[in-house]
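Chains as they are written, first to last, in numbering that gives the first Met the number 0: chain A, 0 to 311; chain B, 0 to 311; chain C, 0 to 311; chain D, 0 to 311.
Treat the hints as calculated values from the structure; they're not laboratory data. Treat the hints loosely; a few may be bogus.
What the hints assert, rightly or not - Using 30 angstroms as the maximum straight-line C-alpha spacing, the simulated DSS-like pairs for lysine-lysine come out as follows: (1) C:Lys66 to D:Lys251; (2) B:Lys66 to A:Lys251; (3) C:Lys129 to B:Lys129; (4) A:Lys280 to C:Lys251; (5) B:Lys129 to A:Lys66; (6) A:Lys280 to C:Lys66; (7) D:Lys66 to D:Lys297; (8) D:Lys66 to C:Lys251; (9) D:Lys297 to B:Lys251.
Just so you know, these numbers come straight off a predicted model, no measurement behind them.
Number of protein chains: 4
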Amino acid sequence: MGLTSEQRAEIDAQRMDRAETRRACVPALEEVLYEPIAVLDHGFVRVIDYMGDDGAIVQAARVSYGKGTRRVQDDAGLINYLMRHRHTTPFEMCEIKYHVKLPIFVARQWIRHRTANVNEYSARYSILDKEYYIPAPDQLAAQSRSNRQGRGAVLEGDEASHVLEMLRDDAERCYADYERMLNEDREGNSVDAGRAGLARELARMNLTLNTYTQWYWKIDLHNLLHFLSLRADPHAQYEIRVYADAMLETLKRWVPITFDAFMNHRMGGVLLSAGALEVIKGMVAGEPVTQHESGLNKREWRELMAVLDREG
Amino acid sequence: MGLTSEQRAEIDAQRMDRAETRRACVPALEEVLYEPIAVLDHGFVRVIDYMGDDGAIVQAARVSYGKGTRRVQDDAGLINYLMRHRHTTPFEMCEIKYHVKLPIFVARQWIRHRTANVNEYSARYSILDKEYYIPAPDQLAAQSRSNRQGRGAVLEGDEASHVLEMLRDDAERCYADYERMLNEDREGNSVDAGRAGLARELARMNLTLNTYTQWYWKIDLHNLLHFLSLRADPHAQYEIRVYADAMLETLKRWVPITFDAFMNHRMGGVLLSAGALEVIKGMVAGEPVTQHESGLNKREWRELMAVLDREG
Amino acid sequence: MGLTSEQRAEIDAQRMDRAETRRACVPALEEVLYEPIAVLDHGFVRVIDYMGDDGAIVQAARVSYGKGTRRVQDDAGLINYLMRHRHTTPFEMCEIKYHVKLPIFVARQWIRHRTANVNEYSARYSILDKEYYIPAPDQLAAQSRSNRQGRGAVLEGDEASHVLEMLRDDAERCYADYERMLNEDREGNSVDAGRAGLARELARMNLTLNTYTQWYWKIDLHNLLHFLSLRADPHAQYEIRVYADAMLETLKRWVPITFDAFMNHRMGGVLLSAGALEVIKGMVAGEPVTQHESGLNKREWRELMAVLDREG
Amino acid sequence: MGLTSEQRAEIDAQRMDRAETRRACVPALEEVLYEPIAVLDHGFVRVIDYMGDDGAIVQAARVSYGKGTRRVQDDAGLINYLMRHRHTTPFEMCEIKYHVKLPIFVARQWIRHRTANVNEYSARYSILDKEYYIPAPDQLAAQSRSNRQGRGAVLEGDEASHVLEMLRDDAERCYADYERMLNEDREGNSVDAGRAGLARELARMNLTLNTYTQWYWKIDLHNLLHFLSLRADPHAQYEIRVYADAMLETLKRWVPITFDAFMNHRMGGVLLSAGALEVIKGMVAGEPVTQHESGLNKREWRELMAVLDREG
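With the hints as constraints, model all of the structure from the sequences given.
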């Protein structure tokens, strides 16, 4: 994931630091604290800080003076109840902070989730590194014919090589021209003393959307679950889904009871309409139901049959 | 502040728990962690958890891989710069969680700050304790004649005693009737077996607005500063200002550099209009300026003179 | 609902005003614009302003230059698709503003929805009217034995009369003492010249929680639907549900296509967990499934059977 | 600003539509409703819808039954008072919706304001037009030497032409390759039947950051003022400032009283720290004050002298 040796050393130094605290601690998450999890070709996600644990959800739900918890089993029962009945505020009492490195076009999807705190590396103030995303061959997918925002089969042969070549060449050339416009090295000295150098805030516009950026991103657990339910979903674009998948791993370490409840009630769950529910009641009662009689349109019928693992 | 011995024991037990963490720690805040600070006659504020420190602000501003900090002096310079120029996002990277016990009429003002997470003790689900706020004699203020939402002189003599008596009697009677309607003890058993007992969610409507409630309240540092700038302000109602004052003490322990910058730039600072600025430029240049010539209306003029410690 | 003749005249005057606009208009909603819909004994909800219509959702989803709409049928198809697949942002493009009069204990539940704009009548600045909520006899419910935040059978006979008497007497006495403490009439003149009068911001604490307050409340359509899905739900407290029901009527006038999609997919819909979905698949396949084998706990099983209209 | 004739016709058609409404109307804003205001080389801002006017702010502040307004002079007094004393909630009662076309690197700054509703044209679902931003010669600024995120002198001669050439060539080539990868025309037909065509969601990553995108953007007046105070500020990047400037024009038409109050108290106003205020008090009293004695650091001193139009 392209850490410089200086960055690696900074991370290692911070991982060495230990202190005693009275706060709730989660050893399984502490294990990976600060450690980058590689995502895509140059990206990563790493947990920088966290507040609370499964117990903090229980504490908040009970507005308790002490730990608020009794037995693990009780906590699991309560957390599952809260998840099932959409009592969201206790989950807001936990908070997590990530450092993420990601392509700009992924960052643009990600930032649409507004209930988070963000500090992004500023290309107005600083110079971006030469790092851009190139899809792995098995992700070089054709446009889906049935779904306007989906992927079809993987490109192969000449078409695949040509696409990869274009992506690489264009990113390389744009970055080289970015540097040429800037006319400065990382210490801010002119490369060519005869030229002034374009303002950083302007030169950046020449970069391609697969250029990597990075940010600190902080969010409460309830909103993180909402983010993950959308972005770890099979309909999400692969390039953001792999970040969500990496974050699911950190979620499992951080709040294992909540993780299980989330996987059961949200990720693996399904939202049925009143119409779909009627169809199911009929089926359970052994009545034959057809799309035509169901009141569902063809698309809804197809989606329902898929949910039930039945042929449409 | 009316902790039961059971609550006191729960707090003490939690304060005894220690664990090792790789996260940023603030010993001065750990000292008072979980410990209630008394506010008003039965209320309190206590810090339950926190995330980040002054260094985390610097880290976020630099989107750094390690601590992001160099020397204390640099950090202070950067934090002051951020505060002065309204760069608010790095302050959002710290988070704090309080447990607060407060009268309902104060809770109603407080909750207007929407950028926080809240879990309140539910009077729909549970029974509220018999605790209500009665102002101390020196806070029993008359209505201000000049300011519709301000206080005048302190009430004295018979009027004062009569007011206190009414407040006490009404709260007592309303609470006693609340219990009578509920007809159940804390274990949920009927007091008078011949009656059904009114639903908790209904009976609570009989309580007066000075009844105490409590909640867990979690907020990021930027929004906390905004809350404090409004609620620790002399124009805020005394009964919420004392909570803000107690929280300022926790702020000073938690992020001392930010605290200083906040006191200088926000609490002690002043927002001048373009018109007021013109007046000041004239004054600094030694020109005599009058309200009439200034373009300011009487009220604005009076406010400006007050800011400059001059007679209007 | 206790409008004064002056208030009635103000509303009538505003209803008479007409102007020509290029904006999207909804005649069915204009019909009831400004008109209060009575709720509870003294409360109301009235629509004060609105922005957008069903077409605006379609327009936003398409980021179109013109109306963005083709045929009513297409619009309905798109809106149903958006609702089904949780594409929420187009619904945020419509906005509605209500004026609501409601008991304080209801206001305290309502305000927990943070994604709205609120201006409440200030009891710090002004004097509250003598209006308090007393439940109708058929709403005077006992505490549920099975559900800690639910209602059981209706109270009857002496117990009912006694509860009503206590509610009335306590509200009356508290209000009378509030006035006594204030010692001023509505023009701000002292009633008893020998007394100073307690500050309004203090005197209000003597009122009971069933006292009516009022506010302007503005929200976007997506967040309104979320509010209604929680508050028009059978598990919501009756006293807030009746407001939600009144607002559903205004929703139906305002955005009829969205209303239908909402009733089908959200109000009438159901969220199934992965575990519950497995049970249903088994049932549809004709396999006998028992709670014990299902992996669901008793409560989940009972809830699932209720959803399917089957005996547990 | 590159409207197609079809888009122009759609806008004209919508401008022709009139209806009668009981809602507050603002004729000066209706005049320009739907009409694009050109910004940069291909961008625009246009008002699509609005809710409320200056009177609605007054109405909300008074929680009134009717218009809530008395005389224009009273309204102006109240609005100025609210602005001066940071009473922000009444301004949240007005709402405006814009359709904006803007370069992606500007969109990335803009979206950082989270308190707005957004629907962006989806490059995952659709194909972006070939439109990219090239700065006008007088905006081709060098990097500032003193301010890391500022601009210096304008580039001239060969350097200027070379920069413009690179920007144009790279954008052209990247767009041409984008089309080549897509291998489909606007009707979705293959250009070259022998190739599959890369998924839209992938191909877009090859575009440069000066490519234009567009969105619907809706915000309440309070948050709009906050956005404008940051983005119409001289320190904002020119390419976003021109959008803010265009929006200030629409603000002036929409809520002229609020506009004046905003220009006086916010845009033309200044925030002084406690330390700076002490310096000014000394100066007004005729005492000579130097940076060294002031307690301000050099940068703060320089900023204060600039505010006072004095030499540092």
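Outcome of the hint check:
no.	hint	in the structure
1	C:Lys66 to D:Lys251	holds (26 angstroms)
2	B:Lys66 to A:Lys251	holds (26 angstroms)
3	C:Lys129 to B:Lys129	holds (25 angstroms)
4	A:Lys280 to C:Lys251	holds (28 angstroms)
5	B:Lys129 to A:Lys66	holds (24 angstroms)
6	A:Lys280 to C:Lys66	violated (40 angstroms)
7	D:Lys66 to D:Lys297	violated (52 angstroms)
8	D:Lys66 to C:Lys251	holds (26 angstroms)
9	D:Lys297 to B:Lys251	holds (26 angstroms)
Hints 6, 7, counting from the list given before, are not met by this structure.
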